[in-house]
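Listed below are the residues making up each chain.
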Amino acid sequence: MNEFSRRGFLGLAGAAGIAGLSACAGTGTSATSGNGGGSSNTIEFWSNHPGNSKPVEQEIIKAFEAANSGLKVKLVDAGKNYEEVAQKFNASLAGGQLPDVVVVSDVTWFNFALNKQLTPLDDLLSSAKVQTSDYVDALFNDYKLKDKHYALPFARSTPLFYYNKDLWKAAGLEDRGPKDWDEFLTWAPKLKAAAGSDKIVMELPDGSNYLDWVFQNMVWGYGGAYSKEWTPTFSDPGTVKAGTYLQNLAKQGFLKLSKDPAPDFTAGIVACSMMSTGSLGGVAKDAKFPVGTAFLPGEGNCPTGGAGVGIPASISDERKKNALKFMEFLTNAKNTVTFTQATGYMPVRKSAVDLPEEKAFLDKNPNAKTAIEQLPKTRSQDNARVLLPGGGARIGKGLDQVVAGQDVATVFKSLDAESQQVFDSQIKSKLGA
Amino acid sequence: MSTSTTVGSTGPVGGTDEERTGGTQAPGRRRRRQQAHNVEASSHHRGPAWTVAGYVGMALIVLVVAVPLFWILVTSFKERGDIYVRPAKWWPDPATGQNYSELTTRIPFFDYVRNSVIITSATSIAKIVLGVISAYALSLLRFPGRSVVFLVVIAALMVPNQITVISNYALVAQWGWRNTYQGIIIPLAGVAFGTFLMRNQFLNLPGEIIEAARLDGAGPLKLLWRVVMPMSWPTLVAFALITVVNEWNEYLWPFLMSDDESTAPLPVGLTFLQNNDGVTNWGPVMAGTILAMLPILVLFLLLQRQMIKGLTAGAVKS
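Taken in sequence, the protein lines are chains A and B. Just so you know, our numbering puts the end of the first sequence at 434, numbered straight through with nothing missing. Just so you know, our numbering puts the end of the second sequence at 904, numbered straight through with nothing missing.
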């Protein structure tokens, strides 16, 4: 009896497994048809506390509860990064008990919006009379799908050009960032000579850590793009030129990729890098040399990034109204200032910069000022990176190959084909007309 | 089924158990021990060159295992500005306990410890008890459909828990068990692995002893407690250790279920020390890692003795 044939065993085990699976897969569907549980005067806020912001979030929540008696906000630890929040939100979509407000990143919001799991906010915003024109345009429009907005900007960052002022001086360079990437190429040999062989001229995150995010700046700088609307444009001459530029930097020994350039930069062995504004506080605190910041090279070529807050689609209207009230409070001029000063993110309101406390802060922190002055020059990211499923990872992998020395035109051509295929199979039909 | 499992396979019981625990718990230790054996054997035949080579090998392996641990320990006592420097500092100078105090003030560290202890002990006990009694039933008791039950259990082992997570979540959320201990513990308490491991161990026990015990009138429970369990001690301890370590480090499910520090265990809590967009201050993270490691280390040292005791007991019996 215990001498099963191997095939018989596997067959039986497989059958049992499938039976088990299908038995579990059915559970929970009934809960989503309701209003997702939860009570209407407790607002559940799912956050990953971007930039270690939990204490600030609690402070803002306390102020909100004081201003709106009868409403409570429950802050939930929903993950260590945006992907984990998305995962937890996904799980709750399958089985009820939805949050009222959830943090969604520039990459994760779209899939939820496309599958009608986030509420379009426009009607709610207009009935609550929220001045949407006060939100920084590029940041607000990052969440637009078919003329509807699905989130409000919350913890928003942009890349910045960081440089080591000591090494800059040693190379005899002016105390500023490069005008464009062609100028940087004339600086790189001087930096290399001044810094010595054990130091690195420029270090960027690798393809699995958002190289595809900062590289958009180079692409736009050379007149290319990842995509125009939904058409991938990796084979565009400008895009290919930017790819070749990146490859040349690596070939000549000016560029190194790493998982996280911040440690090397703060250790003083890297002359410059492009990193998130979110790193500003930490880098300034850790570095033992004067840190310089500048706009990304070029004009109006800075991609936006970071996260917003959205409302699940299948909760009751009453809950949605309260959720929006909280979201508006969270991102109003005063609170966006409180939040961003504690974290290094960007204020998401235009009027925030005029508040006296923000003016005083910027006078004291010139590096933070660079980031804010760059804000009007930001540009919403290309769809091929942020909206196509797996876009960032796909482009990052391609860029890793380019830096490793593979032919740029070939790699980018296959990126075109892959992106187009993902769009055709996963997005096109849902977009409708 | 038990009739076809004959004696003779008992010889390697001790050996395989030792290897199994060694293999999953401390690969370095096992290799080192083997190397020590080789050195001992070869020094009689091959002269000092081999002895030296053996020691060099041992030293290398100790380094591979110990340096990262040492680095974590040293970093946990460093000041923030000393963590990222070149050349690297191999000794905290000046040493500071600030990371440890920051660890306990920035996150509710002791709440997480309490949750970890409760969740780990409850799931481990449930898993071990269920594993032992189900394996006992499936190996030494005779009842119709036994093989089918076993196959279903094994099939459960083949479904990775990432797949069942969503449907489990749906079910448990409907019961209103989100952010509760039972919501975290009960779905984790199922044990295909333990059943599988313990069943094979029980099947390898000498059939004569079991039969002798039955002839002497031992009932099923007495047989389990007085005969089967004492002979299976090493495997059981190994299984217990693996279970405890796994539960202590369990991340995905507790993360999905818990909302805050009232139920979240340490692995979830420690992630809030890391800055998810920007620069992480690694000092407190390392301090947290050290403190999270300690209980498991102590437990391992304690149980290790038991394991060896069990080995010799098993060897005498057969």
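Take the hints with a grain of salt, since some may be wrong.
To be verified - Distance condition first, Cα-Cα at most 20 Å in a straight line; then the derived PhoX-like pairs of lysine-lysine:
#1 A:Lys149 <-> A:Lys191
#2 A:Lys398 <-> A:Lys414
#3 A:Lys170 <-> A:Lys149
#4 A:Lys322 <-> A:Lys149
#5 A:Lys289 <-> B:Lys808
#6 B:Lys808 <-> A:Lys286
#7 A:Lys257 <-> A:Lys398
#8 A:Lys200 <-> B:Lys808
#9 A:Lys252 <-> A:Lys166
To be verified - Over the 10 Å line for every Cβ pair with chain B, so calculated as not near, a few chain A residues:
#10 Lys75
#11 Asp78
#12 Lys89
#13 Ala92
#14 Pro238
#15 Gly254
#16 Ala263
#17 Asp265
#18 Thr267
#19 Ala268
#20 Asp287
#21 Pro298
To be verified - Cβ pair distances, simulated, as ranges:
#22 B:Thr690 <-> A:Ala129: 58 to 66 Å
#23 B:Asn747 <-> A:Asn249: 29 to 37 Å
#24 A:Gln422 <-> B:Phe729: 48 to 56 Å
#25 A:Lys289 <-> B:Ala681: 17 to 25 Å
#26 A:Ala129 <-> B:Leu659: 35 to 43 Å
#27 A:Gln59 <-> B:Trp761: 41 to 49 Å
#28 A:Gln422 <-> B:Trp761: 20 to 28 Å
#29 A:Phe290 <-> B:Leu659: 44 to 52 Å
#30 B:Val642 <-> A:Thr411: 57 to 65 Å
#31 A:Glu66 <-> B:Gly731: 30 to 38 Å
Derived by calculation from the structure, the hints in this document are not laboratory data. Built from N, CA and C at the ideal position, the CB exists for glycine as well.
Verification of the supplied hints:
For the hint pairing A:Lys149 with A:Lys191, the CA-to-CA distance comes to about 49 Å; that exceeds 20 Å, so the pair is violated. With a C-alpha separation of about 13 Å, the suggested pairing of A:Lys398 with A:Lys414 holds against the 20 Å cut-off. For the proposed pair A:Lys170 and A:Lys149, the alpha carbon gap of about 49 Å is over 20 Å, so the pair is violated. Distance restraint check for A:Lys322 and A:Lys149: the Cα-Cα separation of roughly 17 Å lies within the 20 Å cut-off, and the hinted pair is therefore satisfied.
In summary, the hint linking A:Lys289 to B:Lys808 is not supported, as the alpha carbons are separated by about 70 Å, beyond the 20 Å threshold. Between B:Lys808 and A:Lys286 the CA atoms are separated by roughly 66 Å; this puts the pair beyond 20 Å, and the hint is violated. With a C-alpha separation of about 15 Å, the suggested pairing of A:Lys257 with A:Lys398 holds against the 20 Å cut-off. Simply put, A:Lys200 and B:Lys808 have alpha-carbon atoms about 71 Å apart, too far for the 20 Å limit, and the pair is violated.
At roughly 25 Å between alpha-carbon atoms, A:Lys252 and A:Lys166 are farther apart than 20 Å, so this suggested pair is violated. With a closest Cβ-Cβ approach of about 8 Å to chain B, A:Lys75 is found to fall inside the 10 Å limit, against its non-interface label. Against the 10 Å criterion, A:Asp78 falls within the reach of chain B, whose nearest CB is about 6 Å from its own CB. Not every CB of chain B lies more than 10 Å from the CB of A:Lys89, the least distance being 6 Å, so the non-interface label is violated.
At the 10 Å boundary, the C-beta of A:Ala92 falls inside the reach of chain B, the nearest C-beta of that chain being 4 Å off. For A:Pro238, the requirement that its beta carbon stay farther than 10 Å from each beta carbon of chain B is met, with the minimum near 34 Å. Distance check on A:Gly254: its Cβ is at least 19 Å (rounded) from any Cβ of chain B, clearing the 10 Å threshold; non-interface status holds. With a minimum CB-CB distance of about 5 Å to chain B, A:Ala263 fails to clear the 10 Å threshold, and the non-interface call is violated.
Its beta-carbon lying about 8 Å from the closest one in chain B, A:Asp265 breaks the requirement of being farther than 10 Å from that chain. Once the 10 Å rule is applied to beta carbons, A:Thr267 is inconsistent with being away from chain B; the minimum gap is 5 Å. With a closest Cβ-Cβ approach of about 4 Å to chain B, A:Ala268 is found to fall inside the 10 Å limit, against its non-interface label. For A:Asp287, the non-interface assignment is contradicted: its Cβ lies about 6 Å from the closest Cβ of chain B, within the 10 Å cut-off.
Listed as a non-interface residue, A:Pro298 keeps its Cβ farther than 10 Å from every Cβ of chain B; the least gap is roughly 22 Å. For B:Thr690 and A:Ala129, the hinted distance range of 58 to 66 Å is not satisfied, since their beta carbons lie about 42 Å from each other. Under the hint 29 to 37 Å, the C-beta atoms of B:Asn747 and A:Asn249, about 47 Å apart, miss the expected range. Between A:Gln422 and B:Phe729, the C-beta spacing of about 55 Å keeps the proposed range 48 to 56 Å intact.
As the Cβ distance of A:Lys289 to B:Ala681 is approximately 19 Å, the hint placing it in 17 to 25 Å holds. Under the hint 35 to 43 Å, the C-beta atoms of A:Ala129 and B:Leu659, about 54 Å apart, miss the expected range. The hint said 41 to 49 Å for the Cβ distance between A:Gln59 and B:Trp761, and at roughly 29 Å that hint is violated. Between A:Gln422 and B:Trp761 the Cβ separation comes to about 42 Å, which falls outside the hinted range of 20 to 28 Å.
Look at A:Phe290 against B:Leu659: about 28 Å separates their beta carbons, and that is not inside 44 to 52 Å. B:Val642 and A:Thr411 have their C-beta atoms about 47 Å apart, which leaves the hinted 57 to 65 Å range violated. Roughly 59 Å separates the CB atoms of A:Glu66 and B:Gly731, a value that falls outside the hinted 30 to 38 Å.
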